[in-house]
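Q: The primary structure of each chain is shown beneath.
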Amino acid sequence: SRRRMSAASNKMFSKILIANRGEIACRIIKTAKRMGVATVAVYSDADANSLHVALADEAIRIGPPPALESYLRGDNILEAATRSGAQAVHPGYGFLSENATFAKQCASAGVTFIGPPEKAIDQMGSKSVAKAIMSDAGVPVCPGYHGEDQSDAFLEEEAKRVGFPVMIKAVMGGGGKGMRLVQTPEGFQSALEACRREAAAGFADDRMLLERYVNEPRHVEVQVFADTLGNAVHLFERDCSVQRRHQKVLEEAPAPGISDATRAELGEAAVRAAKAVGYVGAGTVEFLMDTRTQEFFFCEMNTRLQVEHPVTEMVTGLDLVEWQLRVAAGQELPLKNQADIPLVGHAIEARICAENVARGFLPVAGTLRRMRLPSGAGSGAGGGDGDGGEVKIRVDTGVQEGDAVSVHYDPMVAKLIVHAPTRSAGLHGLRKALRDFQVVGLPTNIDFCERVAGHRGFEEGGVTTAFLEEHGDEVVPSPETMPPPPHAVVLASVAVLLEEQTAVTFPNDTSPWSARSGPWRAVGVRKQKLALASRDTAAGADGADEAGSEVTVECLADGGYVVEMQGARFAVSGAQLDAGGAMTAIVDGRRYSLDATVEGWGAVGAEGEVTLWCNHGPLEGDGYDRNRYELVVTRPRGRGARGSSKSTAESTGRVTSPMPGRVVRVLAESGQDVEKGQELMILEAMKMEHTVPAPFAGKVDLVSYVAGDLVDEGSVLITLKPLTK
Amino acid sequence: SRLARGARAAARGYASSSMRFPKLNGDLDVPAKTALESRLAMQEMVDELRSALATVEAGGGDLARKRHSAKGKLLARERIEAIVDPGSPFLELAPLAGYDEGIISGGAVAGIGRVEGVECMILANDATIKGGTYYPITVKKHLRAQEVAQENRLPCIYLVDSGGAFLPKQAEVFPDKEHFGRIFFNQANMSAAGIPQVAVVMGICTAGGAYVPAMSDETVIVNGTGTVFLAGPPTRQGSDRLSGVADHFAEDDEDAISIARSIVANFNLPSATNPSQRVAAMNAAAAAASGGGGERERSKSQEGATTAAEQQWDEPLFDPREMGSIIPTDSKKPFDVRKVIARLVDGSRFHEFKERYGTTMVTGFGHLYGQSVGIVANNGVLFSESALKAAHFVELCCQRGIPIIFLQNITGFMVGKRYEHQGIAKDGAKLVAAVSCAKVPKITCVIGGSYGAGNYGMCGRAYSPRFLFMWPNARISVMGGEQAANVLAQVEKDKRERSGETLGEEEEAKIKDPILNKFERESSPYYSSSRLWDDGVIDPADTRKVLGLTLHVATKDAAPPTSFGVFRM
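Each protein sequence line maps, in turn, to chains A and B.
The working numbering applies: residue 1 is where the first sequence begins, and numbers increase by one.
The working numbering applies: residue 726 is where the second sequence begins, and numbers increase by one.
With the rest of the complex left out, here is chain A (with noise of 0.2 angstroms):
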């Protein structure tokens, strides 16, 4: 009744809520505030210091870190609406925001949840009652059979109805097991008989379901938009194929090389979906496509505002909070003809997040010692206003340089959106600007993004979500494969050696004792050994570490540098490192202007991390196509492995963790024999699981956390001793 009451008084909110962390309260920060809108942040002890806390004209603490006891606290986000008078909730992208009790517990409270009603939400979020829904609707669902008939002849009816390709699969299967695609009718039987005789020797229980087998699949989906007047239209399809174990990597809109009459056929059928469960506020209608045939299947509709929303904003022009929150004031759609929505150029996302791709793309947790977005970035919302000529650049972000990425939620660090007149334009941008986004301090899939951007499969459009499994290894990087060319090396060391200069030049300090003057000697010159490595080979396989360069520099007395490698000298003179890290140096004759940046090494270092940034290129003699280079600086130490502080599981018997997270399960006890490869320990961390296994057989000595502990990275999770046979 109060949605009704709202809606006949189409006045904008003055103040709204929003339940949300990271870029996407941030966005719609942005938005309420041009409207004119007040804005509150809720925040969990984490994120006190936040940039969305910052933005906001008020914020409210709603709990400690763990999502569960902040962000999913529906209560405490409503209070926090109640005190500060906010009139609506907005729940962004994730935690509450498909969450139908949440919805109802905001009418209740007297709230305007911006979103669907509660019952689209709650039908949405069967994917059966949808199915159904869909079915009735006229929306193509994907056929197939879930029913307790059983007999062979009505199966294989059923398997003719739902067309072939088919997937027989077991009702209670799983890892494959009691599973068969079968192509044609002829095959059927047989196929079935063994799936059946898998499933009852699997899991006692040999009923089957039949699904239709999409070929190649795409994701494609369409925004969809409806107002509580009765209006909906669809602004257009996303493509989001590339992804990597269900988590999207590359998104973009238009979806390459569909027909018009296939787009039609899309939004049309996503409209009548979002009609068919009387949809209010953006939705998004979720399309398996038949990449040979472009047949389409519903595939599930997510009530809320999409992250990849920004790249149907960079195509139409238009700011979808700005709609979420018309709609929710019981507005009119500002634009109700599906005719007026335009449609221009082709916009491309990036998912930038901190995470490991050589390590299996582990999450990592850890500072931002620098974040430095592409030259010309802009971060609105309506087709950017980054104004970087026809290639405009949008970066949506809630972090800032200096800023921490928390265990506790998604290392997701920001959004690269790229709009450009044509996809290949655009591709061209997305590459050039992934190469400018510099990021320092924990590892991303920024190199990973631009390879995938560059993988000429990508480039001629219309991949499959199998791309990534298919393709993998080609755009993953190998650490054996590309070690840094001497040039890096070189660039490398002398920024080294300038940022320890830095470090012990102090303002005021006019003393000819200054570092500032250089090191001066009465003997010889200064000689300082650095061993350096490739920071993907230092993050890799046990022993990798041992791969890098060890070279010797020389500090001449003209200012100018000898790095000697392997035998070989490189001169460098002209050599110069500012504070924001812009470096030039001239390396036997040839001039380079990088980025570079020293971080963790300062006057006594023992391990630092250097990041060289060559946007106009590979460095010479390299052979591998690529503009960033990272390596692990350490000082040789004349004792080798006593000086080494990395020492491995199998010689210590201590299992660390992988990674910074929260112990979900403790899987072995003091005294316990385990097996190598047994699992020790669940760790999570944003969002991910990881199972600790044990390195090598051995009876458990020691286990240091219960359930529930944070552990650090590197942390001794247990102790082993090894089985003496």
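There's no promise every hint is true.
Below are the DSBU-like pairs computed for lysine-lysine, each with C-alpha atoms no more than 30 angstroms apart in a straight line [what the hints assert, rightly or not]: (1) K11(A) to K529(A); (2) K855(B) to K527(A); (3) K865(B) to K527(A); (4) K15(A) to K30(A); (5) K529(A) to K902(B).
Because the hints were derived from the structure by calculation, they are not lab data.
Remember, predicted model here, so these are calculated numbers, not experimental data.
Once you have looked at the hints, place chain B on chain A.
A: For chain B alone, coordinates are given in the frame of chain A:
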């Protein structure tokens, strides 16, 4: 670029006080050919110096170094490189000590370097040279390093890796006042004077050597390689836990050095990182010494405050690399020492004192890296007037607490009846007295000859300059070789004449030649430096750098007041 920075600084109005001084004309007013010949002659001498220093840098040779490194130990110079603030200068002292007797570096590397922003005296035994044992020259060098530390209040860091006294020469290293025992006497007294003493035991450390860590304020020992024992079984791991001889236990050389740096950071001494503490400490020192000279010291500390605020200095307008072009190939030919000064002082600006009186001596004020300094430089043979002028100037410097740099190029005082009658002896004595008593920091650089009483008046080694350096063309002896040969030949001639005989030309040559050869050899800067009569032979192009670095450490504390003795009038 520093010139440009100076120019920018001037534009912003940061002009240092030297900016008010007139600029010297440093142009080489000799024919280009002459200048080139001079430059090439000096280049040859500098090349010889570089090659000698390269020998020194190689320490005990490839094999010895390899053996040393194979133990996982850093070499002496690597240890020093690791301990000083990266990218900051290191002024090695007396690298040529022991050079002509084949004891490279005198067995230990010594020098001044910055650690955690604090200038320290660092002394590293070089175990690749005679096992790091103490030869007489090693003891002399160690004591000289301590003397420099004591005079300039430099904390001492001993990187110990030594087998102790060289036993076959025990009589020359053990018993006397300036022998082995003096090292520990100095440590105790420096510690008493608040000059921190730190030892890092990075190798063997036996017999008397064991007292270096034991006498230190704070000691680090390296696991495995570091040992401390007086006699009997070595104490290793136990020395921190059991005997308490070591205070810190390090995994390896690198670890030990990082601990040592941390120790320096805890000296709570004024450092580059906290110049305010520097001024505060100087004020405290001034207050403590508030006697007759208290007032001056306070003004000195105020000056410290103002120089800290003055950020900039200018490089000389003339290239220091042209020093060689100034010095004539024939050492008897005169040159204008102002050309040298023009390549030393900030902005080539020089406030000359008594320019037209006693012109064979040039005196005046300038700045070196922003530090004001008085310069006394020879410009020919010394006459009474030049000696009086210089004595006057030395008094001025002492009155004002301004340090003095002596640029020595002196054959001696003018001789002859006329000058003796004019009283050159007593005027020379006035200068010697003034220089002897002057308590402001004195630094001497021998840029040419250093002969006879000229050496005294121009602050030779016996007059305790804080530092003394030589150019490779320098010569030092009681008189010129030729003069000495003539004197001895004359003595023989006189003897023969008394007995009615004559001295033939051939016989005269027989007397003269060995003297000439002996003087030539013994007046060489390498002969001097090998015996630690100086703190090093330097490339003339580095003079500004070396004098600037030493002047800076010499002026960290306010100078005590000078009281002169009786001047013979």
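Q: Which numbered conditions among the earlier hints are violated in the structure presented, ordered from lowest to highest?
A: The structure conflicts with hints 1, 5, although it agrees with all the remaining ones.
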